[in-house]
Amino acid sequence: MPATSETVSTARSEPTASPTATTAAPAASRARPIAWRLASVVDVVPETPRARTLRLDVPGWPGHRAGQHVDVRLTAEDGYQAQRSYSIGSAPEELAVALTVERLDDGEVSPYLTDELRPGDRLELRGPIGGHFVWDVALGGPLLLVAGGSGIVPLMAMLRHRAIVLAGANDGARHRVPARLLYSARRWDEVIYRDELARLHEGDPTLDVALTLTREPPPEWAGFRRRIDRMMLAEVAWPPAERPHAFVCGPTPLVESVAAALVDLGHDPAAVKTERFGPTGGAT
Amino acid sequence: MSEPFVSRGFRGRRQSAAAGRLPPGQYETRDFPVLSAGPTPRTPLAAWDFTLRGRGTAARWTWEEFQALPRETVTVDIHCVTKWSKFGTVWEGVSVDTLLAEAGAQGVEPGPYVLAVSDGGYTTNLPLADVAGGKAWVATGYDGAPLAPEHGGPARLLVPHLYFWKSAKWVRQLRLMERDEAGFWESLGYHNFGDPWREQRYAGDE
Numbered sequence: 000m001p002a003t004s005e006t007v008s009t010a011r012s013e014p015t016a017s018p019t020a021t022t023a024a025p026a027a028s029r030a031r032p033i034a035w036r037l038a039s040v041v042d043v044v045p046e047t048p049r050a051r052t053l054r055l056d057v058p059g060w061p062g063h064r065a066g067q068h069v070d071v072r073l074t075a076e077d078g079y080q081a082q083r084s085y086s087i088g089s090a091p092e093e094l095a096v097a098l099t100v101e102r103l104d105d106g107e108v109s110p111y112l113t114d115e116l117r118p119g120d121r122l123e124l125r126g127p128i129g130g131h132f133v134w135d136v137a138l139g140g141p142l143l144l145v146a147g148g149s150g151i152v153p154l155m156a157m158l159r160h161r162a163i164v165l166a167g168a169n170d171g172a173r174h175r176v177p178a179r180l181l182y183s184a185r186r187w188d189e190v191i192y193r194d195e196l197a198r199l200h201e202g203d204p205t206l207d208v209a210l211t212l213t214r215e216p217p218p219e220w221a222g223f224r225r226r227i228d229r230m231m232l233a234e235v236a237w238p239p240a241e242r243p244h245a246f247v248c249g250p251t252p253l254v255e256s257v258a259a260a261l262v263d264l265g266h267d268p269a270a271v272k273t274e275r276f277g278p279t280g281g282a283t
Numbered sequence: 000m001s002e003p004f005v006s007r008g009f010r011g012r013r014q015s016a017a018a019g020r021l022p023p024g025q026y027e028t029r030d031f032p033v034l035s036a037g038p039t040p041r042t043p044l045a046a047w048d049f050t051l052r053g054r055g056t057a058a059r060w061t062w063e064e065f066q067a068l069p070r071e072t073v074t075v076d077i078h079c080v081t082k083w084s085k086f087g088t089v090w091e092g093v094s095v096d097t098l099l100a101e102a103g104a105q106g107v108e109p110g111p112y113v114l115a116v117s118d119g120g121y122t123t124n125l126p127l128a129d130v131a132g133g134k135a136w137v138a139t140g141y142d143g144a145p146l147a148p149e150h151g152g153p154a155r156l157l158v159p160h161l162y163f164w165k166s167a168k169w170v171r172q173l174r175l176m177e178r179d180e181a182g183f184w185e186s187l188g189y190h191n192f193g194d195p196w197r198e199q200r201y202a203g204d205e
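Protein sequence lines, in the order shown, are assigned to chains Y and D.
In this text, residue positions in the first sequence follow numbering that gives the first Met the number 0: the first is 0, and each later residue adds one.
In this text, residue positions in the second sequence follow numbering that gives the first Met the number 0: the first is 0, and each later residue adds one.
No wet-lab data here; the hints were simulated from the structure.
We put the CB at the ideal spot given by N, CA and C, even for glycine.
All clues given are correct.
Residues from chain D that face chain Y, not an exhaustive set, calculated with beta carbons under 8 Å:
1. Val-5
2. Ser-6
3. Arg-10
4. Ala-36
5. Gly-188
6. Tyr-201
7. Ala-202
8. Gly-203
Put together the whole structure using the sequences plus the hints.
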């Protein structure tokens with residue numbers, strides 16, 4: 000739950016009875032703590048005027064699943080600390096752990112991460128965190144991804160993972176996990192991972208990428224030019240009968256309206272997983 | 000790591016007004032962020048009821064019956080595991096003590112643990128001691144208005160002394176249990192108890 004969560008809905012209407020549950024609760028209290036680790040910045044990649052990707056070497060990193068996040072902790076000289084959560088954008092198969100951070104002008108942590116950090120600097124983090132908003136090829140498809148703004152980050156981890164696993168795979172394997180991404184950004188230059196998304200799209204007939212630009216689309220822009228709505232979802236998304244795994248990530252108003260529209264269109268609420276992004280998870 | 004690593008050039012934004020009121024690792028927000036793992040359920044009030052289930056028997060209230068229960072207004076600080084805290088939030092609802100007393104009068108037997116169950120299937124587990132004794136409410140109002148669906152309306156559990164995922168949105172049932180049973184996030188790597196003052200965010204913390 001980064002842009003994490005207080006609350007949820009899931010497939011399980013009835014919690015499992017005693018055997019799992021009684022072992023689960025005590026097991027949780029005995030679990031090994033998620034350790035703070037000192038990562039090194041390998042590379043800082045500008046993505047948009049406001050977003051940077053930090054590629055990190057994390058000694059002892061236990062590995063992650065696409066969709067998970069980390070907690071980052073900054074400590075000032077006098078001991079003052081601030082923590083925030085950031086989604087992982089890299090695939091589990093990649094060596095470096097990549098965080099893409101959007102600069103919030105009034106933010107306490109993000110301006111430090113986007114403006115101050117240089118290759119060679121170090122950064123404390125712990126993770127991976129979150130076991131709900133995750134996907135891997137073994138879970139199957141179709142995959143429906145809906146992103147707003149920097150909400151693309153955990154979804155990109157899923158697309159990168161998918162591309163790596165399917166590289167060299169036959170058509171049958173590809174067609175078992177077709178994917179569609181609908182991504183809303185304000186402007187063309189605010190589309191994070193723009194070139195990489197185009198490359199992934201061109202090289203893969205089983206991946207569709209649809210962009211919508213909600214402000215100042217370029218004159219020649221042929222894509223959508225409005226906020227994601229029910230009609231756009233009906234056009235782009237897999238029909239409910241295909242039973243897609245849906246992941247929605249972005250600011251709260253987008254997530255609320257997209258999730259509601261998907262349920263309205265007939266998608267199973269339990270198959271629609273959501274995660275909020277923004278200064279504090281997205282204010283309302 | 001015993002000593003935290005000092006981040007070169009990081010000063011941070013100290014929140015002196017929040018001193019003593021902000022649990023470790025939290026920051027104050029004036030917004031009311033919305034967080035949930037799936038679509039917001041929409042249950043019509045005519046179909047809504049609330050159940051307090053003990054061994055063998057259960058007490059049940061319709062929406063109208065629930066509205067007729069004695070109500071309290073509470074002003075509390077809330078702390079989300081995603082690091083934000085919000086001070087002085089004002090809620091209106093029914094104390095869980097009231098529900099326990101009413102249910103007890105109907106023969107519902109308590110157990111040492113509680114599992115809150117919500118529309119959409121969300122669950123969270125708590126010790127009974129943490130929802131009794133004036134520590135928890137089933138809230139139907141926020142800031143003088145009916146609780147909005149995205150914030151858990153028509154009714155959410157309010158347990159302000161624990162991380163806010165314990166304050167289950169869209170709550171419909173409290174099950175009194177003999178044994179502790181991990182809820183939704185508690186099964187997905189989050190802490191079983193979730194005390195913000197001990198920073199019990201994830202399984203294994205403290």
